[in-house]
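Undergrad: Kindly generate the complete structure, drawing on both the sequences and the hints.
Letter by letter, the chains look like this.
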Amino acid sequence: MTALQEFRTGDTPLPDIVILTHKLTRDYTMGAETVRALRGVSLQIRRNEYVAVMGPSGSGKSTFMNLIGCLDTPSAGEYWLNGQKVSDLSDDELARIRNKEIGFVFQTFNLLPRANALHNVELPLIYAGLSTKERRSRAERALARVGLADRMTHKPNELSGGQRQRVAIARALVNNPSILLADEPTGNLDSTTSNEIMDVFADLHRQGQTVVMVTHEADIAAHAARVVTLHDGLIATDKARAA
Amino acid sequence: MPFYEAVRLALQTIRAQKLKSAFSLIGVFIGVMFLIAAVSIVNGMNRYMTDKFAGTLIGVNTFHLRRQPNVNFDVPDSTWRAWHRRPRITFDDAAAVTAGVTIPVMISWFSEDRGEVEYNGKVAKDIDLQGAGDQYFAIKNLSIAEGRPFSAQEAKAGLPVAVLGWDLAQKLFQGQDPVGKMVRIHDLPYRVIGVVAAQGNLFGISLDKFLVAPATSPIQRDVNPPRVVDAVMVKANSEAEMNAAMDQAEGIMRARHHLRPAQDDNFALETSAGVLDFWGKINRIMLAVGPGIVLVSLVVGGIVIMNIMLMAVAERTREIGLRKSLGAKRRDILRQFLAESAAIALLGAALGIAAGVGLSLLLDAVTPLPAAVAPWSVGLGVLLGVGVGIIFGVYPAARASRLDPITALRQE
Numbered sequence: 000m001t002a003l004q005e006f007r008t009g010d011t012p013l014p015d016i017v018i019l020t021h022k023l024t025r026d027y028t029m030g031a032e033t034v035r036a037l038r039g040v041s042l043q044i045r046r047n048e049y050v051a052v053m054g055p056s057g058s059g060k061s062t063f064m065n066l067i068g069c070l071d072t073p074s075a076g077e078y079w080l081n082g083q084k085v086s087d088l089s090d091d092e093l094a095r096i097r098n099k100e101i102g103f104v105f106q107t108f109n110l111l112p113r114a115n116a117l118h119n120v121e122l123p124l125i126y127a128g129l130s131t132k133e134r135r136s137r138a139e140r141a142l143a144r145v146g147l148a149d150r151m152t153h154k155p156n157e158l159s160g161g162q163r164q165r166v167a168i169a170r171a172l173v174n175n176p177s178i179l180l181a182d183e184p185t186g187n188l189d190s191t192t193s194n195e196i197m198d199v200f201a202d203l204h205r206q207g208q209t210v211v212m213v214t215h216e217a218d219i220a221a222h223a224a225r226v227v228t229l230h231d232g233l234i235a236t237d238k239a240r241a242a
Numbered sequence: 000m001p002f003y004e005a006v007r008l009a010l011q012t013i014r015a016q017k018l019k020s021a022f023s024l025i026g027v028f029i030g031v032m033f034l035i036a037a038v039s040i041v042n043g044m045n046r047y048m049t050d051k052f053a054g055t056l057i058g059v060n061t062f063h064l065r066r067q068p069n070v071n072f073d074v075p076d077s078t079w080r081a082w083h084r085r086p087r088i089t090f091d092d093a094a095a096v097t098a099g100v101t102i103p104v105m106i107s108w109f110s111e112d113r114g115e116v117e118y119n120g121k122v123a124k125d126i127d128l129q130g131a132g133d134q135y136f137a138i139k140n141l142s143i144a145e146g147r148p149f150s151a152q153e154a155k156a157g158l159p160v161a162v163l164g165w166d167l168a169q170k171l172f173q174g175q176d177p178v179g180k181m182v183r184i185h186d187l188p189y190r191v192i193g194v195v196a197a198q199g200n201l202f203g204i205s206l207d208k209f210l211v212a213p214a215t216s217p218i219q220r221d222v223n224p225p226r227v228v229d230a231v232m233v234k235a236n237s238e239a240e241m242n243a244a245m246d247q248a249e250g251i252m253r254a255r256h257h258l259r260p261a262q263d264d265n266f267a268l269e270t271s272a273g274v275l276d277f278w279g280k281i282n283r284i285m286l287a288v289g290p291g292i293v294l295v296s297l298v299v300g301g302i303v304i305m306n307i308m309l310m311a312v313a314e315r316t317r318e319i320g321l322r323k324s325l326g327a328k329r330r331d332i333l334r335q336f337l338a339e340s341a342a343i344a345l346l347g348a349a350l351g352i353a354a355g356v357g358l359s360l361l362l363d364a365v366t367p368l369p370a371a372v373a374p375w376s377v378g379l380g381v382l383l384g385v386g387v388g389i390i391f392g393v394y395p396a397a398r399a400s401r402l403d404p405i406t407a408l409r410q411e
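Same order as they appear, the protein sequences are chains A and B.
Numbering of the first sequence is given in numbering that gives the first Met the number 0, commencing with residue 0 and proceeding in unit increments.
Numbering of the second sequence is given in numbering that gives the first Met the number 0, commencing with residue 0 and proceeding in unit increments.
There may be inaccurate statements among the hints.
Unchecked claim - Okay, derived cross-link-like pairs now, BS3-like style, lysine-lysine, Cα gap no bigger than 30 Å in a straight line:
| no. | chain 1 | residue 1 | chain 2 | residue 2 |
| --- | --- | --- | --- | --- |
| 1 | B | K180 | B | K155 |
| 2 | B | K170 | B | K121 |
| 3 | B | K19 | A | K154 |
| 4 | A | K84 | A | K22 |
| 5 | B | K17 | A | K154 |
| 6 | B | K170 | B | K180 |
Please keep in mind that the hints were generated in silico from the structure rather than gathered at the bench.
TA: Right, here's the structure in full:
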């Protein structure tokens, strides 16, 4: 792996850099006190990397994930996603970025209970403004990619935990996002199912998908090619695993 | 998100939560139902009053000369007492008017009171006993079903002959031919010479329970003090001629009552326009009260919807967070919840319209109240429904759209 070029304010990231954060800071005001959740995180992630972000609770990894996922805006610093500076975009522009560039996978799956698998996967496409026909065919393809071609009309409560998480992964993939952003994706699953989901992630990574996964479990993080550890709002370690 | 997606989503949610939706639309349902039913009744009454009531009571191009108006509403006691101090209309007044009006008109004296009619031991109670002239039948447009009306000679001579209303004839004779039979009023015999065809009812009161005999026949003692009539009925060929005849009658009566120019009439000239004027007063009261009730139920309905929508937003906070994380913009969320509240309200309005129309038809069928659905009230119902849904949906929807996705997603 070639060394990453050092980024300075005013630069633009290299074309193969999907995620670039530069001195990313996030402060929360809680009454009179200011909590510094992130204290200047600079990180670059190339296209088709598989990165795990680790750290104990309070290390700032959730805050970091919210910023990477464009759910939150930084107090200071820059965030470039896929060549676009997103750290100073408005709410609605961030919504568009989330829709086009980011695929979320949550610990609790977050599927709509009343909708079947197909409709759950179609959801991001509705906000992208696609036609009913186009939505359907893309949702079907995404479900087939995670091995659920025969479960499309099932509702979440008719599916196992692993299957539910696969539906959520299909939903995350359906817009062909720049990054797949997973937040403790195996936190609600047993170890067998966890491994299954990790296999899905490995497959997607092999197919060229950039994956960023936040976890506190070392054995899950071990599936990633690169592990970044946060501590007290700063990067403590950033290690590539021998392939 | 396109508009139809929001509507589809709203209908899905409503279908998934049938009971809750049913409760939330009840206020709008009642409001719109009341609106439709009330407007139908007012509308039907309006039509009824113009078509039937005024026509039956007084008739087209007709005026009544009376001591006081026959149709009145909310008259203060002092006015009543003033009316009762007025002189009655006498036979001589009636004769003077009959002789004095030069416009070509039909004229009939008229008096009435309630009384009993007896035939062969059977007694019909609460019958409208009427004393009238021979032109009474033509003025009132009464068609004769059997026999004949009494003639001018019979009227002038005051012969004890009687023409019966349809219901009275049925009650006393039960299918026999009444013509030629003798009925008794206060033990005095009257020969039945005809029966008037059925006229139906007015507000549930039968128009066919009457007996009419010449005004100067012995019936005069049953209906009024000696040589007094209730009214002189005058029917002209046109409205202009009626007004001219009314002026003449007024002049004759003022002269007979020795009224100075500055004094008001101490008698009444009543036309169907006057009756409709009276109806207009009732109508205005209904139109003043009606919208109040509709408004109150719609506001209550709107508050219920707002409450339910606020609950829905609280319940579905996670869903809202999820939708936002998947790329829903503020206006997408706003539109979703607005569509939902509007759909609930519209559904309530639609059901309210159906129930209101049904209620109107039912009222029309089983009660004497006439009801006719006004098309504009249906349009207004739809408009009010959607309006309530949107107005009271704005606040919950705005709250939903402003939710922070991170906190929303973290919500249990």
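Undergrad: Could you run down the list of hints and mark each one as holding or not?
TA: Against the structure, the hints:
no. : hint            : in the structure
1   : B:K180 / B:K155 : 22 Å, holds
2   : B:K170 / B:K121 : 9 Å, holds
3   : B:K19 / A:K154  : 22 Å, holds
4   : A:K84 / A:K22   : 14 Å, holds
5   : B:K17 / A:K154  : 19 Å, holds
6   : B:K170 / B:K180 : 14 Å, holds
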